[in-house]
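These protein sequence lines map, in sequence, to chains E and F. Residues in the first sequence are numbered consecutively from 1, following my numbering. Residues in the second sequence are numbered consecutively from 1001, following my numbering.
Fair warning: there could be bad hints in the mix.
Straight-line alpha carbon distances no greater than 25 Å define the calculated BS3-like cross-link-like pairs of lysine-lysine that follow [as the list claims (entries may be wrong)]: (1) F:Lys1066 <-> E:Lys56; (2) E:Lys28 <-> F:Lys1072; (3) E:Lys56 <-> F:Lys1072.
Rather than coming from a laboratory, the hints here were simulated on the basis of the structure.
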Amino acid sequence: MSADAHAAHGHGHDDHGHDDGRDHGSFKSYMTGFVLSVILTAIPFWLVMTGAIENKNWTIAIVVAFAVVQIVVHMVYFLHMNTTSDAGWTMMALIFTIIIVVIALSGSLWVMYHLNVNMMPVHDMRNMP
Amino acid sequence: MNVPTQTINGTEVPVFYVVDEHDHPAGSSTMLGFWLYLMSDCLIFAMLFATFGVLGGSYAAGPGPKDLFDLKLVALNTAMLLFSSITYGFAMLEMMKGRVKSTQMWLGITGLFGLAFLCIELYEFHHMIHEGAGPWRSAFLSSFFTLVGTHGLHVTFGIIWLVTLMVQVARFGLIEANQRRLMCLSMFWHFLDVVWIGVFTFVYLLGVLR
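Please construct the entire structure, taking both the sequences and the accompanying hints into account.
In structure tokens form, the structure reads like this:
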């Protein structure tokens, strides 16, 4: 009896798969994401192509900042990331990946930069024959 | 635990009571599994970005980003991928409403934008190789072709997958399995757009600024 009730309950869930906390987006959310993406893409391209800002370091910082914001926009509006889908496991996997990526990227760049700087062969002309 | 209830005459059907398991409709864990695959793919791209970050300045007295990159072409490429993202979004919305024809139409448009992206990228590669700036020229170009080429390969397989799913939808309609497959491809496609943000920022824009 109890098993039957359980089976019936399980079957009832098949009809609508929306109870997993997954967001499928709406026309409005897709358009919001698209418009934001266009703006966040156009400004960095414009900055670099016209050289609107004299200071190169500022341009680099702004371009990278826009990229980070755009990645978040894509995650939220196109990939529908939220903390509730699959009981938060997608978010956990994402956070874990971001940690690994940050360690691997910053570690590689840091180590290889210092390797380049410190291991550069020194051409000391005084010791030349 | 799951011992069948026995009666003397043995006619009763075995009943299994599973205490811990809740209902898992077929394919309910597919999306999470696919997300985990995308995260592993993300690590591949992270390694390629790291390689490019380390080798991106080693021109071996060859051409640098300023000589090679045409930002107008890259902007056009970016637009193609962005348009394909929104049209795929529209395909998903139509799929949710159960409209086969308009879903197919938006999927087709997405595929065309993807193809346009690929053609522009191949034109760029061809142009660079023609000028003698192939992957063999310098460490910078090796890492450039590996990173951007891997992304392009992903887009290629995405298009093949898209065409396969359009055939599936045409034959079997928007059944639950096809909806699940379309949702997986949706994640894949938007993920490629996210990777492209990294490519056009760190490879092209910062390369030209370098």
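**Study point:** Non-conforming hints, listed in increasing numerical order
**Key:** Of the numbered hints, just 2 does not hold.
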